[in-house]
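There are 2 protein chains.
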Amino acid sequence: MIFRQLFDRESCTYTYLVGEEKAKVAAIVDPVREHVARDLQLIEELGLRLTHIFETHVHADHITGAGELRKLTGAKSYVAREGGAPCADVPLDSGDVVNVGEVEFRVLATPGHTSDCLSFVVGGDRVLTGDALFVRGCGRTDFQNGDPGVLYDSVTKELFTLPEETLVYPGHDYHGRTVSTVGEEKRHNPRLGGGRARESFIALMNSLDLPPPAKMAEAVPANRSCGEI
Amino acid sequence: MIFRQLFDRESCTYTYLVGEEKAKVAAIVDPVREHVARDLQLIEELGLRLTHIFETHVHADHITGAGELRKLTGAKSYVAREGGAPCADVPLDSGDVVNVGEVEFRVLATPGHTSDCLSFVVGGDRVLTGDALFVRGCGRTDFQNGDPGVLYDSVTKELFTLPEETLVYPGHDYHGRTVSTVGEEKRHNPRLGGGRARESFIALMNSLDLPPPAKMAEAVPANRSCGEI
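Sequence lines, in order, name chains A and U.
Going by our numbering, 163 is the number at position 163 of the first sequence; the sequence numbering is gapless.
Going by our numbering, 200 is the number at position 200 of the second sequence; the sequence numbering is gapless.
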């Protein structure tokens with residue numbers, strides 16, 4: 001498996017490229033529209049063909065590159081069935097397994113940041129957590145049907161029950177961190193780790209009082225159309 | 001081996017943390033002064049003790065965290081013997097092998113960006129290339145005794161002769177790329193790959209006409225003092 005983490009400095013978004021060398025196919029997770037050329041060049045230089053475009057959720061802080069990538073490559077886009085983007089090709093349900101060549105993407109519903117948030121267990125040893133779980137943090141829960149109690153349950157019952165050595169690759173990082181593990185987050189995540197109680201997490205999240213994301217009014221409708229408007 | 005790539009968004013510098021779990025020790029490569037607290041917290045949370053601080057060279061674009069880390073932890077700092085920082089504890093020569101627990105750091109002199117540039121082959125399967133080789137690029141060669149012919153020789157004779165599957169972890173990336181391989185750079189690096197001739201590379205580098213790094217006047221003397229002024 002080829003695995004590449006890619007970064008958008010403006011929104012601090014991580015995009016992931018997963019390649020499978022036997023079948024020479026690739027999947028991309030959470031592509032950013034401004035980096036379509038970078039990502040396609042990398043896929044081509046690696047000798048791969050893009051077949052799958054996954055979104056962890058409908059983003060509020062950047063516009064997806066899914067639509068442009070789909071148009072240029074014929075790859076199919078995959079999003080959550082519930083509350084996701086109607087423009088997508090394939091709806092995903094929790095428990096689905098999607099094969100990218102021989103690499104398995106196992107779908108976990110991890111709502112709470114938004115109601116449509118998915119995580120993907122990839123290749124058995126790593127999980128792409130989108131905005132459900134960050135390195136020492138988590139996504140906010142104050143828009144797009146966000147709900148801190150639901151997020152608490154997603155993280156503690158779905159993500160924290162994965163093997164402790166599972167690598168955690170987040171959807172964003174604002175402090176230059178790239179990866180963690182389930183064990184590390186269980187112990188050291190200041191919002192969700194160390195056995196914090198559900199009510200305490202809910203109170204914390206409800207007290208954050210954050211400004212809305214700068215691009216939200218533009219990004220959410222654009223992403224519900226796969227970035228094609 | 002624990003391996004963590006860390007990023008400074010301002011200077012686009014990558015810092016690397018390498019931990020060894022048996023001896024519970026850690027090395028850091030190219031720490032940035034503004035991120036000392038982040039890096040120390042991570043080392044502590046991983047249950048490690050910082051013992052080695054490596055610099056790939058005397059940087060012109062950011063101030064090293066080496067001095068502060070050394071003061072706070074007692075770790076030793078390691079830099080190139082020739083042209084490096086007089087403040088450092090241990091001078092390194094090409095071919096040296098430094099053990100961090102059971103993890104080997106093998107030192108390669110890869111001058112050309114500056115005269116003191118080192119690369120480190122870590123754990124046998126990856127190389128930290130500093131500013132000698134970037135993902136699809138390389139460091140500039142127009143200050144601090146930089147020399148494009150020397151850089152060409154470093155990359156083609158030292159780095160490109162490592163096994164093709166060796167992971168390349170650069171000192172910077174300005175486009176959100178995190179890692180590559182020796183094989184990929186041999187084939188696709190637009191400056192040094194595809195069999196480009198030495199004279200052609202020299203002409204290219206001499207034509208770049210770049211502005212000086214914003215922090216150069218401050219950073220170079222500070223880094224020759226391990227960031228302690």
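None of these hints come from the bench; they were simulated from the model.
The model shown is predicted, which means the values in this text are computed figures rather than measured ones.
Don't take every hint at face value.
Identical copies go unnamed one by one, so any copy, or any two together, can satisfy a pair.
Claimed, not checked - Calculated pairs, DMTMM-like style, for lysine to aspartate or glutamate (alpha carbon to alpha carbon, straight line, at most 20 angstroms):
#1 Lys-76 <-> Asp-147
#2 Lys-22 <-> Glu-165
#3 Lys-186 <-> Glu-164
#4 Lys-24 <-> Glu-165
#5 Lys-71 <-> Glu-34
#6 Lys-76 <-> Asp-96
#7 Lys-24 <-> Glu-45
#8 Lys-71 <-> Glu-102
#9 Lys-186 <-> Glu-21
#10 Lys-71 <-> Glu-104
#11 Lys-186 <-> Glu-44
#12 Lys-186 <-> Glu-45
#13 Lys-157 <-> Asp-93
#14 Lys-22 <-> Glu-82
#15 Lys-76 <-> Glu-44
20 angstroms Cα threshold - placement of Asp-96 relative to Lys-76: Within one copy, since 16 angstroms is at most 20 angstroms while 50 angstroms is not.
Copy assignment of Lys-71 with Glu-104, given that the CA separation must stay at most 20 angstroms: neither (24 angstroms within a copy, 47 angstroms between copies)
Identical-chain pair category, Lys-22 with Glu-82, by Cα at 20 angstroms: Cα proximity of Lys-22 and Glu-82: none, with 33 angstroms in one copy and 46 angstroms across.
Intra/inter-copy verdict for Lys-71 and Glu-34 if alpha-carbon distance must be at most 20 angstroms: Within. Shortest intra-copy distance 15 angstroms satisfies the 20 angstroms Cα cut-off; inter-copy 42 angstroms does not.
Identical-chain pair category, Lys-186 with Glu-21, by Cα at 20 angstroms: Close across copies (19 angstroms), not inside one copy (33 angstroms); limit 20 angstroms.
20 angstroms Cα threshold - placement of Glu-45 relative to Lys-24: within (12 angstroms within a copy, 39 angstroms between copies)
Same-copy or cross-copy closeness of Lys-24 to Glu-165 [CA-CA at most 20 angstroms]: Only across copies: Lys-24 and Glu-165 sit 17 angstroms apart there, 28 angstroms inside one copy, limit 20 angstroms.
Lys-76 and Asp-147: within-copy, between-copy, both or neither at 20 angstroms Cα: neither (30 angstroms within a copy, 47 angstroms between copies)
Within, between, both or neither: Lys-22, Glu-165 at alpha-carbon 20 angstroms: Between. Shortest inter-copy distance 16 angstroms satisfies the 20 angstroms Cα cut-off; intra-copy 27 angstroms does not.
Identical-chain pair category, Lys-157 with Asp-93, by Cα at 20 angstroms: For Lys-157 and Asp-93, only the intra-copy Cα distance (17 angstroms) is at most 20 angstroms; the inter-copy one is 51 angstroms.
Intra- versus inter-copy proximity for Glu-44 and Lys-76 (alpha-carbon distance at most 20 angstroms): within (17 angstroms within a copy, 43 angstroms between copies)
Intra- versus inter-subunit Cα pairing at 20 angstroms for Lys-186 with Glu-164: Answer is within: at 8 angstroms inside a copy they meet the 20 angstroms cutoff, but 37 angstroms across does not.
Hint compliance for this structure: hints 1, 8, 10 and 14 are not met, and every other hint is.
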